[in-house]
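S.K.: Listed below, chain by chain, are the residues.
There are 2 protein chains.
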Amino acid sequence: MNYTFSDNISSVKPSAIREILKMVAANPSIISLSTGSPSNEAIPVEEIHEICEKIFRERPIEALQYSMTEGYPALRETTKKRLHEVFGIDPENNDVIITTGGQQGLYLTPEVLVNRGDTVICESPSFVSGIIAMKTCGANVVGVEMDDEGIRLDKLEEAIRTEKNVKLLYLIPTFQNPRGSTMSLQRRKDVYELCVKNNIIILEDNPYGELRFRGEDIPTIKSMDTEGIVVYNGSYSKVLSAGMRIGFVCAPKPIIQKEIIAKQGGDCHSNIFFQIVVDEFFRHYDVDAHIRKIRGIYRDKCDFMLDCLDKYLDKRVTWTHPDGGLFLWCSLPEGYDSLDFARKAAEKGVAFVPGCSFMVKDDEPCPAFRLNYSTPSKENIERGIKILAEAVDEYLK
Amino acid sequence: MNYTFSDNISSVKPSAIREILKMVAANPSIISLSTGSPSNEAIPVEEIHEICEKIFRERPIEALQYSMTEGYPALRETTKKRLHEVFGIDPENNDVIITTGGQQGLYLTPEVLVNRGDTVICESPSFVSGIIAMKTCGANVVGVEMDDEGIRLDKLEEAIRTEKNVKLLYLIPTFQNPRGSTMSLQRRKDVYELCVKNNIIILEDNPYGELRFRGEDIPTIKSMDTEGIVVYNGSYSKVLSAGMRIGFVCAPKPIIQKEIIAKQGGDCHSNIFFQIVVDEFFRHYDVDAHIRKIRGIYRDKCDFMLDCLDKYLDKRVTWTHPDGGLFLWCSLPEGYDSLDFARKAAEKGVAFVPGCSFMVKDDEPCPAFRLNYSTPSKENIERGIKILAEAVDEYLK
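Chains A and B are the protein sequences, given in the same order. Each number in the working numbering comes from the position in the first sequence (counting from 1) with 975 added on. Each number in the working numbering comes from the position in the second sequence (counting from 1) with 975 added on.
Excised from the complex, chain A in its bound form (with noise of 0.2 Å):
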């Protein structure tokens, strides 16, 4: 049979990441700068199986039978609690859903508010699995350039004003993927008024807003949200364990109630067995020393790649310093393709995600590429710079 695919799903192709990941996959001496998981070291698998050997003991049942669609009552409750004392948000007029991942929730809001053919702005670079969400629900995405604070605002408003129904703002305001640039307080705020002026729902995805190492919180989005415009996507993957895809968004009272019903359709609800996991462990164990701990590992691989390509590598190439999160972001110099300096460098060896596979349109050309130091090994973070920097100097030559 022909098969004949629906025009959402056809409007995907796949991206240019997968050619290195399978290079990476054939040869496992590759160092893999590649990756978008948290340190091995920071999950806390002691806690994790304690909490489960308590479930088989007091309620395996519960933890294994059908569960509720919106997710399980105790957690909704720590989600919101701990929304409102870290990150300033409101729990009267917003309601929690939780979702299989942070990811879910890219795809829940989305298809809830967007119409075929309706636009979602986002960030350009942005999170692949972020725009293929948007696609899929058959959305026209259109990424708008950032500078150093942020996603620029006359580009955004020359965005709404030439782009057809837009709807929806998906933004990664802190820690960005895959720039690891976080934006600033005052283009927060200009962001917010604009979307409020032009009916625009702002999604708001904060998977890294407890990986903070240095410097100061900046109000997430949602906290100013006074008007009930901002969906905030959350997740556990980064605190405890990725996983096991628990994840969560915080919304005005209308749109998780679209949610539940989207979700019904979707996957019934989330592992609930996993759910108890995460409830019990904010309830019994102390969470803050967990966060300083992996806060503690992130800056110091962060810092000493930094350092490392500091020492290492030619100076026309530049990169970002970030303050928390799992990426940085370094650029070639105008004119060069990060896709094409990607393969040479995977056979050199070293592995990273070319810019080009985070661009809206397919494979657009991108000088950039994405860093990732929470995987590697110290050790692997400094031969892999090594390598990289190799690669620059055949590469510029």
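Treat the hints with caution; some may be incorrect.
One copy or two, it doesn't matter: identical chains are merged, so the pair holds either way.
As the list claims (entries may be wrong) - With a straight-line cut-off of 30 Å between C-alpha atoms, the simulated DSSO-like cross-links for lysine-lysine are:
1) Lys1055 <-> Lys1172
2) Lys1268 <-> Lys1029
3) Lys1139 <-> Lys988
4) Lys1319 <-> Lys1353
5) Lys1353 <-> Lys1290
6) Lys988 <-> Lys1142
7) Lys997 <-> Lys1055
8) Lys997 <-> Lys1056
9) Lys1228 <-> Lys1336
Hints listed in this document are in silico derivations from the structure and should not be mistaken for laboratory results. Just so we're clear, the structure is a prediction, and the values are computed from it rather than from any experiment.
Go by the hints and put chain B onto chain A.
M.R.: Below, chain B alone, put in the same frame as chain A:
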């Protein structure tokens, strides 16, 4: 702000089932024959606990870190092998994606195949959350009447002729939800031929396939699929645990390739810890003995409910006699409305799901209702049916 939601999500209206479930939640003394859950006794808690211990001993990081969108490779192989051995499904020309419960497959398949306005035909009545999944993908969902052998062929032909762009036929051929009835072999062959002729993909949903407690197995439609037109949807919810949310889709490779992209945007991957649990269970435990045990539990409870119905219920009410699965389907005489009856019965102390909940058109009146025998204890089955009989006597007099 006044929110404007997508046309897709706006097409799903809250179901009558919610009203009944609210009455149950508000009054714990009501006997519930309304769930779709497996028996608590059917969950192999001890074995799952043992496997969890093994995972924490041997490979906790692998089970708690990010994993692959298409699923844990060993479980994909285990699933293919069992589908080949038990359900006669060709492992060469098909591939498997692991999903977040069977429910996710019911969403991914229309998502990759159906454009807004295309038609999906399903049995009438059919599974509520299946219908929701199709509607939230933008499908024009059309229900086709059933007779004792399954979906009616004449009515199906008519719908194919008259409805716009029929892309997908959604069927639960074995122990159908809500009717508990099974499609005959001849009907399966006829439906398959009709779909081949009309280029229509069949979505064969088989969550209860392992739960036959009487009679001979009837081949799956997928086992006849020489033309690559059948997408087979399965679940480990009824065999191991529903709360873990592990299911799968088995389909021709081009379809699975698209579903992997859709799942990347949808939830990245399913809980990897429990994917390993399922795989370990199927590799190292006596699965056949376990399945014999749960079939025994369901036969016993089903027979007991049938005996109670025979003993207590007015003979103007009729019901199906299932050979497997979780449900039976009771019909009031024509002209009565089971929603109205369900409200009255809940006031008297027994809850079940009125037939209108399973109709494609929102709350279309229906004289029949669904009874579940897997969840309640035998004691509650008898008490529940006694109350039901009293309610019938009052209602029909």
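S.K.: All hints, please: hold or fail.
M.R.: Hint by hint, here is what the structure shows:
1. Lys1055 <-> Lys1172: within (28 Å within a copy, 54 Å between copies)
2. Lys1268 <-> Lys1029: Cα proximity of Lys1268 and Lys1029: in one copy and across copies (24 Å, 27 Å).
3. Lys1139 <-> Lys988: both (22 Å within a copy, 28 Å between copies)
4. Lys1319 <-> Lys1353: This pair counts as within: shortest intra-copy Cα distance 23 Å, inter-copy 68 Å.
5. Lys1353 <-> Lys1290: Within one copy only: 22 Å inside, 77 Å across.
6. Lys988 <-> Lys1142: For Lys988 and Lys1142, the Cα distance is within 30 Å both inside one copy (23 Å) and across copies (23 Å).
7. Lys997 <-> Lys1055: So Lys997 and Lys1055 pass the 30 Å test across copies only (24 Å; inside, 40 Å).
8. Lys997 <-> Lys1056: Between copies only: 26 Å across chains, 42 Å inside a chain, cut-off 30 Å.
9. Lys1228 <-> Lys1336: Classified as between: cross-chain Cα gap 26 Å, same-chain 34 Å, threshold 30 Å.
Violated hints for the displayed structure: none, as all numbered hints are satisfied.
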